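> Those protein sequence lines, which keep their order, are chains A and B. Our numbering puts the first sequence at residues 386 to 577. Our numbering puts the second sequence at residues 445 to 804.
Worth flagging that the hints you see were computed from the coordinates, not collected in a lab. As the structure is a computational prediction, the values presented were derived from the model and not from experiment. There may be inaccurate statements among the hints.
[Said to hold, decoys possible] Label-pair ranges, simulated between beta-carbon atoms:
#, chain 1, residue 1, chain 2, residue 2, range
1, B, V489, A, V540, 29 to 35 Å
2, B, G458, A, W470, 24 to 30 Å
3, A, V467, B, A451, 25 to 31 Å
Here a beta-carbon is modelled for each residue, glycine too, at the ideal position from N, C-alpha and C.
Chain by chain, the residues:
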Amino acid sequence: MIPTQTVTFPTFSRLLHWLMAAMILAMLLIGIGMVASVSKRYAVLVAIHRPLGIAILVLVVIRFLNRLFDPPPALPAAMPPVMRWAATASHVLLYALMFIMPLVGWGMLSAARYPIVLWGSWELPPLLPHDLALYAWLRPLHTDLAYLLFATFLVHLGAALFHGLIRRDGVLASMASWRRAPRTAITRSTGA
Amino acid sequence: MPPLSTAGILIRLGTIGAVLLCPLVLFAYVAGWFSPGRMTQSAMVSRFEEVNGNHPGFRLNHAKGICVTGSFESTGQAIPLSKAVVFQAGRVPVIGRISLAGGMPFQADQAATVRSMALRLVPAGGEEWRTATVNIPVFVVNSARGFYEQTLAAAVDPATGKPDPDTMNAFLAKHPETVKAMAIIKKSPPSSGFADSTYYGLDAFRFVNAAGVSVPVRWSLVPLQPVSANPVHASTDDQNYLFDALIGQIKAHPLQWRLMITIGTASDPTNDATLPWPDDRRQIDAGTVTFDHVSSEATGRCTDVNYDPLVLPSGIEPSDDPLLSARSAVYARSFTLRAGEHAEKPPGPLTAEDVGATSK
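Chain A on its own, in the form it takes in the complex (with noise of 0.2 Å):
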């Protein structure tokens, strides 16, 4: 049965959802954009990077507390046991990603001992020691997690377009929907 009352995920894990995305996307997009630049493009992207890459740190450590406290839907029962395992796994990998990224970064600035300048004389301070090899080891890393990051994104799209549009069994309804959370009702034809 396909179910005619969508449960949404909650009002706030929805607002982290998009800001998220939304600053996620832009990272990826500035950060390929930074390495290939020599313009003056290239200081306002690195600028942008830092503080927007700490604040994705931030974000995601409340996001992921929330999701312990107000967990999502359940996925519908009718979803085959392939599909629900790539949906967790899919899940595992964005959020260790999206928590290990600013980690690299921060960490790999520090090896090479860059300030880590978030905004004006607000610093961060360094989380490894100056060492070369460590950031020959994890510079190159930030870019492979990158191109991962973006790879686990598209097919995170993919995967609830594909929901949305083929299967139609309201998970990206669930997400996407732009009504209010009905925090009461949890009855769906579906639901486990």
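Position chain B against the provided structure of chain A, taking the given hints into account.
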């Protein structure tokens, strides 16, 4: 909901594909995949390697150098202009690097080669300042592309020992700013060595004071050592005669430079490092840099430092000079490359033993 027809499914799958293509195309566009002519860090690196060859572990430019350490003692005179911590009265440790321009780490010292002094001023509470300066009063190009083309035009032809005149003339015809800059540079011939050179920051920056007032500035490092036009010793059999002289001098007594800040007016160009400012611009003495210790790149503390001109404390801001961003971007790539080549870096032209053995 009625089930979808096969055509309906295909149309919807196509829609999903089209939506996914958007971020992919955007990503590729930003990455420069559709603009092969764009000046990028990779293009600049390739140009350096084309001209200088590949020298794993060394800097792409200013490859031959040594580390010096000491301090900066502020006079406090820059405080009304800049709120930067380094200008507060007191002493700040400095990790410096003195080098020759060019991407060949084993080049022989020559009087005419551009000399440089890079500083990393590290106040205890953070807000460090890095700046790299050279012994020419203006730069030879005013854009990243200009530098890219100039690097090739100035490449030494191994057959003649000089740049190819046709290539150089073609470059100069396209870059009148370089012709003018070279005429200015010619008027201040190099001094005898590193110790008595004046080093110029070239690019304009902006000082911002505690009240938020911003002024355009340039800076230079003026030696306190007496200046001599005669080479220290023009020995042709010592490939490192400029560095050896410097090492001997620092071991004999500390070397000092005065950090002079030139304050520009609203009409002075800040976006073109080839253009000098008028001579009558106000200058202040911000403090004195003292170097009392010298070490080789193998053991020194400057080796693992990227002297990125955009590592600035609050109170010093970049100007609209396009070279600042270009330098920052290319230095970062060079730094990453040599970090990755750390293990394969051969001993440099000036080893720890060389520095240790150089007598007073």
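> A separate judgement is required for each hint: does it hold in the structure or not?
Here is how each hint holds up against the structure:
1. V489(B) <-> V540(A): 29 to 35 Å: 33 Å, holds
2. G458(B) <-> W470(A): 24 to 30 Å: 27 Å, holds
3. V467(A) <-> A451(B): 25 to 31 Å: Cβ of V467(A) to Cβ of A451(B): about 26 Å, so the range 25 to 31 Å holds.
The structure shown violates none of the earlier numbered hints.
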